[in-house]
Amino acid sequence: MEEYGLTLSDIFERNEKGEGFLRDVVERAHDEVGYRLNGDNIAMQITPIRDEGLVITFSDEGIAGFQNMLEHIKEVLSGFDPESLREAAKAVAGKAKEESKELEETCRILVFASMNHAMRYCAAIPSELSVRSHLYCLKDTYYLVIEKNRLSKKNFNKISAQAVEFARLHAPTEEKLLYLEEHGECLIKDRAVSTLRKICL
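Residues 6 to 206, numbered by the working numbering, are exactly what the sequence shown covers, in order.
Be a bit skeptical, because a hint or two may be false.
Claimed, not checked - So the derived label-pair ranges between C-beta atoms look like this:
{"hint": "1", "residue 1": "Asn160", "residue 2": "Glu24", "range": "34 to 40 angstroms"}
{"hint": "2", "residue 1": "Arg155", "residue 2": "Cys205", "range": "22 to 28 angstroms"}
{"hint": "3", "residue 1": "Leu11", "residue 2": "Lys144", "range": "20 to 26 angstroms"}
{"hint": "4", "residue 1": "Arg28", "residue 2": "Glu133", "range": "47 to 53 angstroms"}
{"hint": "5", "residue 1": "Arg196", "residue 2": "Asp145", "range": "19 to 25 angstroms"}
Claimed, not checked - Think about it this way: if two alpha-carbon atoms lie no more than 27 angstroms apart in a straight line, the pair counts; the simulated DSSO-like pairs of lysine-lysine are:
{"hint": "6", "residue 1": "Lys159", "residue 2": "Lys203"}
{"hint": "7", "residue 1": "Lys194", "residue 2": "Lys153"}
{"hint": "8", "residue 1": "Lys158", "residue 2": "Lys181"}
{"hint": "9", "residue 1": "Lys22", "residue 2": "Lys158"}
Read the hints as simulated data drawn from the structure, not as lab findings. Each residue gets a CB set at the ideal place from its N, CA and C atoms; glycine is no exception.
Sequences are here, hints too, so could you generate the full structure?
Here it is, written out as structure tokens:
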């Protein structure tokens, strides 16, 4: 990190300097030990070690890999310099919150325990509303992605609020959407709400 003139916040904030460093790490891994990417996306676990720098671990597991990594990092960081951790945590939280808020204005992810719950929710949406929507199945759970598209903000928020009775609302992130597309089974590519409403009624 000294060689690159980096701080922890550069790494966790994923700014230009930090991303350049991580790209070089991947290239070095390829040159020195023959590491190759299996796909376009990888997850990285970056763990600061007291007085010894960073340990960087690669994973091809996408968002699931990130979740497992974060749990591990919490344990390792328990004895690390508090000021450095606060700085890095603020940077990560701020960026994630900003990205999530932007996506939430145009997209929502509804998580249903069963197809029956998804159908009942769709049946409750007024037929005059055209909802751009996609249905996925992943590990016996159903994910309905609804987009604001041409809906008014009022109607978009209204149909999102209606979901509370039937589903859990997940904050949308690019990672979650990509993970659904890559690992989930797309049951209905578009107009999922309209399709399920017709079946239910």
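Now for the hints, and whether the structure bears them out:
{"no.": "1", "hint": "Asn160 with Glu24: 34 to 40 angstroms", "in the structure": "38 angstroms, holds"}
{"no.": "2", "hint": "Arg155 with Cys205: 22 to 28 angstroms", "in the structure": "23 angstroms, holds"}
{"no.": "3", "hint": "Leu11 with Lys144: 20 to 26 angstroms", "in the structure": "38 angstroms, violated"}
{"no.": "4", "hint": "Arg28 with Glu133: 47 to 53 angstroms", "in the structure": "49 angstroms, holds"}
{"no.": "5", "hint": "Arg196 with Asp145: 19 to 25 angstroms", "in the structure": "24 angstroms, holds"}
{"no.": "6", "hint": "Lys159 with Lys203", "in the structure": "24 angstroms, holds"}
{"no.": "7", "hint": "Lys194 with Lys153", "in the structure": "16 angstroms, holds"}
{"no.": "8", "hint": "Lys158 with Lys181", "in the structure": "23 angstroms, holds"}
{"no.": "9", "hint": "Lys22 with Lys158", "in the structure": "38 angstroms, violated"}
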